[in-house]
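Student: This is what each chain is made of:
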Amino acid sequence: DAGITQSPRHKVTETGTPVTLRCHQTENHRYMYWYRQDPGHGLRLIHYSYGVKDTDKGEVSDGYSVSRSKTEDFLLTLESATSSQTSVYFCAISESSLIRRGGYTFGSGTRLTVV
Amino acid sequence: ILNVEQSPQSLHVQEGDSTNFTCSFPSSNFYALHWYRWETAKSPEALFVMTLNGDEKKKGRISATLNTKEGYSYLYIKGSQPEDSATYLCATLHNTNAGKSTFGDGTTLTVKP
Chain A
1 DAGITQSPRH KVTETGTPVT LRCHQTENHR YMYWYRQDPG HGLRLIHYSY
51 GVKDTDKGEV SDGYSVSRSK TEDFLLTLES ATSSQTSVYF CAISESSLIR
101 RGGYTFGSGT RLTVV
Chain B
116 ILNVEQSPQS LHVQEGDSTN FTCSFPSSNF YALHWYRWET AKSPEALFVM
166 TLNGDEKKKG RISATLNTKE GYSYLYIKGS QPEDSATYLC ATLHNTNAGK
216 STFGDGTTLT VKP
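So the sequences go chain by chain: A and B. Heads up: the first sequence at position 55 corresponds to 55 in this note's numbering, and the numbers run straight through without jumps. Heads up: the second sequence at position 9 corresponds to 124 in this note's numbering, and the numbers run straight through without jumps.
For reference, chain B alone in the conformation it holds in the complex (with noise of 0.2 angstroms):
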């Protein structure tokens, strides 16, 4: 079982404010990530999908870079509002794992108006 780790389990935070949190895992057979946004009451839905060391992707506020040497991803928020508010899931694909992602436990994101 791959460990997919994410830090930090909670963070509450002003509106305004800019933030970001992290995703650990395995660097070796490592083939692609995703991150997720959940919020309360739905379904996860994919925020990006990255694959090569370096990527960088953005998505209006929230961006996200990956380091697949050292088996890290970073996800930012710059200016938080409160609809930020959710549960961030990131997932990693490994090549051992024949297309199953592995969830780490997400960090919840509270953006205090």
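Bound conformation, chain A alone (with noise of 0.2 angstroms):
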């Protein structure tokens, strides 16, 4: 997938419980993103990341953080997963201006269930 892969691709987990979610590029693109994808909601930016230890909330970001380290990769985490949170999530990459490459690339989206 152009250089972004998400880890793991499924997971089930029992509520309660922290779930890390990683995204690892391989482009050296400057913006990360997480959004979480649910019928009848299309895509909702969860946080994204503008560089290495700068990160910001999107519009879903309750019950959920992120680190960014390292260029490559961008962490999401559940602290204490609920069903609420049972979800696709999809990683996605840009260049500082969407319009030069026509918009991100996405990752290949993990598929988590919370029990």
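Among these hints, one or two may not hold up.
What the hints assert, rightly or not - Capping the alpha-carbon separation at 20 angstroms, the derived lysine-lysine pairs in PhoX-like fashion look like this:
id : chain 1 : residue 1 : chain 2 : residue 2
1  : A       : Lys53     : B       : Lys215
2  : A       : Lys11     : B       : Lys157
3  : A       : Lys70     : A       : Lys53
4  : B       : Lys193    : B       : Lys227
5  : B       : Lys173    : B       : Lys193
6  : B       : Lys215    : A       : Lys57
7  : B       : Lys193    : B       : Lys172
Said to hold, decoys possible - Pair by pair, the computed Cβ-Cβ distance ranges are:
id : chain 1 : residue 1 : chain 2 : residue 2 : range
8  : B       : Glu130    : A       : Asp62     : 17 to 23 angstroms
9  : B       : Ala156    : A       : Glu95     : 24 to 30 angstroms
10 : B       : Glu185    : A       : Gly40     : 25 to 31 angstroms
11 : B       : Pro123    : A       : Thr13     : 43 to 49 angstroms
The set of hints was computed from the structure by calculation and includes no laboratory data. Even glycine gets a Cβ: it sits at the ideal position worked out from N, Cα and C.
Hints in hand, dock the two standalone chains.
Tutor: Now the structure itself:
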């Protein structure tokens, strides 16, 4: 997927447990994003990063935290998973301007089920 | 939170039909619009980026237009084929939203052979 990989691809976890999803890129892009995709809601931004150690919240950030200690890795953590966080999570990357490259490049997604 | 709306939510057409769908967005502070194609079990892939009022883009049988003054974009598919079946997402960038795209919920197209 054009130098962006997500892990794991699938995960089932129990309510209350911590979960970390990883996004790894080899494109050296500055911007990285975490979205969740739910039926009827399209893609909603959770958190994004505009550089190492620079992150900010998106529209559905409650219950999630992120970290970016290296350009290539962007981690999404659910501190205490809840059933409402069952979703498909997509990581995306972009250069400094979305115009030049025509938009985001997405990872393959992580399907998370919280039981 | 910006409101990006797509219609219809879903569309079923016969092979060979031409079809179109709409993306509506706030016209103020508009910067750019992207159309993505999202096939089942895959990741969204960018089709077009559009920035200027009156922009028209074309890729094969798929084309798109942009009206930034009234805040809408149309995506057209001429002579739909079963392989066109996918969800088509639009996403907009506004100057007030610092590089973060806001996505519509998508239009899911099913083309029957």
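Student: Take the hints in turn and mark each one as holding or not.
Tutor: Verification of the hints:
1. Distance restraint check for Lys53/A and Lys215/B: the Cα-Cα separation of roughly 18 angstroms lies within the 20 angstroms cut-off, and the hinted pair is therefore satisfied.
2. Proposed proximity of Lys11/A and Lys157/B is supported: the alpha carbons are some 18 angstroms apart, at most 20 angstroms.
3. At most 20 angstroms may separate the alpha-carbon atoms for a hinted pair to count; Lys70/A and Lys53/A meet this at roughly 8 angstroms.
4. Using a Cα cut-off of 20 angstroms, the hinted pair Lys193/B and Lys227/B holds, with the two alpha carbons roughly 15 angstroms apart.
5. Proximity of Lys173/B to Lys193/B is assessed by CA-CA distance (about 11 angstroms); at most 20 angstroms being required, the pair is judged to hold.
6. Of the supplied pair hints, the one linking Lys215/B and Lys57/A holds, its CA atoms being roughly 11 angstroms apart against a limit of 20 angstroms.
7. Only pairs whose Cα atoms come within 20 angstroms are accepted, and Lys193/B paired with Lys172/B is accepted, the gap being roughly 14 angstroms.
8. Separation of Glu130/B from Asp62/A is about 45 angstroms and departs from the stated range, judged on CB atoms against 17 to 23 angstroms.
9. For Ala156/B and Glu95/A, the hinted distance range of 24 to 30 angstroms is satisfied, since their beta carbons lie about 27 angstroms from each other.
10. For the pair Glu185/B and Gly40/A, the beta carbons lie near 26 angstroms from each other, so the given range of 25 to 31 angstroms is met.
11. For Pro123/B paired with Thr13/A, a C-beta distance near 36 angstroms fails the hint of 43 to 49 angstroms.
The structure shown violates the earlier hints numbered 8, 11.
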